[in-house]
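Participant: Heads up, the sequence shown is in our numbering, so the first residue is 51 and it goes up one at a time.
Treat the hints as calculated values from the structure; they're not laboratory data.
For each residue, glycine too, the CB sits at the ideal point set by N, CA and C.
One or more hints might be untrue.
To be verified - For lysine-lysine, the following DSSO-like pairs were computed, each having C-alpha atoms within a straight-line distance of at most 30 Å: (1) Lys477 / Lys285; (2) Lys436 / Lys274; (3) Lys129 / Lys275; (4) Lys253 / Lys161; (5) Lys263 / Lys419; (6) Lys508 / Lys83; (7) Lys398 / Lys275; (8) Lys331 / Lys488; (9) Lys275 / Lys100; (10) Lys276 / Lys419; (11) Lys83 / Lys179; (12) Lys253 / Lys100; (13) Lys100 / Lys277; (14) Lys419 / Lys392; (15) Lys275 / Lys337; (16) Lys419 / Lys477; (17) Lys263 / Lys206; (18) Lys275 / Lys475; (19) Lys333 / Lys310; (20) Lys276 / Lys206; (21) Lys435 / Lys274; (22) Lys320 / Lys310; (23) Lys157 / Lys207; (24) Lys331 / Lys494; (25) Lys129 / Lys161; (26) Lys157 / Lys191; (27) Lys276 / Lys333; (28) Lys244 / Lys206.
What the hints assert, rightly or not - Derived DEER-like restraints, expressed as beta-carbon distance ranges: (29) Glu95 / Gly462: 58 to 64 Å; (30) Ser383 / Asp188: 40 to 46 Å; (31) Asp280 / Tyr384: 34 to 40 Å.
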Amino acid sequence: MALDKLSSISVIGTRQYFSSHKRLDVYFVHPDKIDAYAYIRNIAETTGLKLDDLERLLVLKPASGRGSKEQTGSAMVIKPGLLSSDFLINTDNAAWTTDDDFNASEKGQLKNGDILVLSAAHATGYIGKNTSIFLTSDDTKAICIGELIRLRSDNKKINPYYLLAYLNNQKVRLFFQYSVRGQTVHLYPNDIRKIPVILPPRKIQDSIGNKLKRSIEAKLEARKKKKDIDEIFAKYLPVHFETSNDISFCYHKRIVLTEKRLDPRCHDVKIIKPLNFFFRKVKYPLKDLSTLLDRPIFYPSQFKRVSNPRENLYPMLSVGNISSSRLVEEGISYFNLPDKEKDRYMLKEGWIITARSGSITSVAIVDAKFNGYCASEHLLRIPAKKDYFPYYVYSFLTTIWGRLQIQRYIYGAVVPEISSRFLSKIKIPDLPIEVKQKIDRGQKQRFDLEEISLELRKQAMFELEKLLSTDGGA
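Can you make the complete structure from the sequences, with help from the hints?
Facilitator: Below, the structure written as structure tokens:
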């Protein structure tokens, strides 16, 4: 790269270099980008690993799709929101369009194994985030829209999963972030053709790539388990219900006296109508959540922070550690708790937790991994009975019928809140024991697969990080 960094805010380059690239904007000459190029070149020179341009490792040049009209059809439409931190496109939530739309978007047409890069955002930090692979088990047609760049790797030259891991490395993402143009930061296919790619021997590529591939396969299997559970609920519970877009409320004297609430949310037609439909149509007995617990729903009092930060440190889960109805370790905090205090905040496997305020419909269950972790007073504990399949209770609470009941009992004009008194009233359908057992078992298996997927992804990215260290992982 014919640019040199003079300081943290200034660079110098040749006139010929700027003329050939026809760019002189701040992103193109950003000092961090120059550092990233120097870092990658240094690794290649120090370790003797091969360095090649991204475009030379692809079957087709990088390309972007085009806008599409969402309508009924047989072609899948992949949008930025379907990229994931698992590096896998979530096709379950894809929109659809017609074959005519598919045929009109030649550059956006996808094949199994294509890699998609986020190319448009309001800030550079999002560009290249969660670069993901498109996988489908059938011949479903698919296109990506203009905010994504399609990369189709040449599998003879590079392991596609190694390339996927490489492009998600934090250092490498800088090449995407500082190749953008415009005030609303847009990345164009031509601007990433020359991104340098470290090419270790195929054996090392396969070691990293195969770990990531197995991680993604485990994630796909976990999604299948989730879909199986959804299908079981669809078989035994009502599916269709009337919805209303009207902003209206319906006050019934019986409900007002029973709930002792006059706030609009408890009487919102958009919530009440579907729930009334559910209660009429469900064919199985309904049990109050409170009857399925070992003890009442509770939360501990606020704990006192201890001044010495190095003693009695315990992982403390908070509302932010609930993601997609699961507990995650990302962003977990560690707090000082005296030994005699920690038991009050400790979670047990099988407990269900939800936020007391804020993102209240985010429900999670304490699986084996988080057994013994502590949680803040902002999380309500729902200690489900072990002999009543707690993973089944959790699964129901994550369905539309569970979420609607939770939404109904939320109160608060400024900050949404929910209390244990209202949460205890949620109705759980008492499905046949073999069905509850099947859902409970399937959910546990799904969580195990999610954990396997996460661990393999961590191993792949750690191995890549070692390779991209200054000593080449030696």
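Participant: It remains to establish, for every hint, whether it holds in the given structure.
Facilitator: Hints, one by one, checked against the model:
no. : hint                        : verdict
1   : Lys477 / Lys285             : holds, 18 Å
2   : Lys436 / Lys274             : holds, 25 Å
3   : Lys129 / Lys275             : holds, 24 Å
4   : Lys253 / Lys161             : holds, 26 Å
5   : Lys263 / Lys419             : holds, 23 Å
6   : Lys508 / Lys83              : holds, 26 Å
7   : Lys398 / Lys275             : holds, 24 Å
8   : Lys331 / Lys488             : holds, 23 Å
9   : Lys275 / Lys100             : violated, 41 Å
10  : Lys276 / Lys419             : holds, 19 Å
11  : Lys83 / Lys179              : holds, 16 Å
12  : Lys253 / Lys100             : holds, 14 Å
13  : Lys100 / Lys277             : violated, 43 Å
14  : Lys419 / Lys392             : holds, 18 Å
15  : Lys275 / Lys337             : holds, 26 Å
16  : Lys419 / Lys477             : holds, 28 Å
17  : Lys263 / Lys206             : holds, 17 Å
18  : Lys275 / Lys475             : holds, 29 Å
19  : Lys333 / Lys310             : holds, 28 Å
20  : Lys276 / Lys206             : violated, 35 Å
21  : Lys435 / Lys274             : holds, 27 Å
22  : Lys320 / Lys310             : holds, 20 Å
23  : Lys157 / Lys207             : holds, 22 Å
24  : Lys331 / Lys494             : holds, 29 Å
25  : Lys129 / Lys161             : holds, 15 Å
26  : Lys157 / Lys191             : holds, 13 Å
27  : Lys276 / Lys333             : holds, 23 Å
28  : Lys244 / Lys206             : holds, 19 Å
29  : Glu95 / Gly462: 58 to 64 Å  : holds, 60 Å
30  : Ser383 / Asp188: 40 to 46 Å : holds, 43 Å
31  : Asp280 / Tyr384: 34 to 40 Å : holds, 36 Å
Hint compliance for this structure: hints 9, 13, 20 are broken, all remaining hints hold.
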